[in-house]
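Chemist: Be aware that the sequence shown starts at 210, since it is given in my numbering, and climbs by one per residue.
No incorrect hints appear here.
So the derived label-pair ranges between C-beta atoms look like this:
no.	residue 1	residue 2	range
1	Asn213	Phe260	14 to 22 Å
2	Glu251	Arg309	32 to 40 Å
3	Lys257	Pro287	29 to 37 Å
4	Gln276	Ile235	18 to 26 Å
5	Tyr230	Asp264	21 to 29 Å
6	Asp271	Lys211	37 to 45 Å
7	Asn213	Asn289	36 to 44 Å
8	Lys211	Glu272	44 to 52 Å
9	Phe260	Asp308	21 to 29 Å
These are calculated hints, taken from the structure and not from any lab test. Quick reminder that beta carbons are idealized off the backbone N, C-alpha and C, glycines included.
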Amino acid sequence: MKKNLNYFQVRLEVALPTSEYVFGFINISHILYSKLTEIFHEQLVEFKQRFLFDDIGGYVIDESLYQKHKPYFDQEIPFNFDFTLFQYSVSICSVKRSDRKKSYHKHQPPLLPLSEASLT
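Starting from the given sequences, assemble the full structure and let the hints guide the process.
Modeler: Okay, here's the thing in structure tokens:
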């Protein structure tokens, strides 16, 4: 029997309040589950979750939660939060290993040759 291997990605969803569609996603998989559990503890208790992402689509980051964890968010998430424009939530998704698209480079890009024409 062949095993199905999955990759899991935790992402910050950025949405316009007036739209049913997500504006964009930011990969925040580098944040430890233990830290996410600490941040979303009140929502875990409210929704009677046994563990993080147990039977729920995601967790909301409202302005008060953001202010409570602002130093950590600002350090770990490369994004400027704007609560007058966007709504934010954190969710998890999984992708089969066989379907996963490479989203990184193994090497830095090569240096571009400088010609005298490009310097003038």
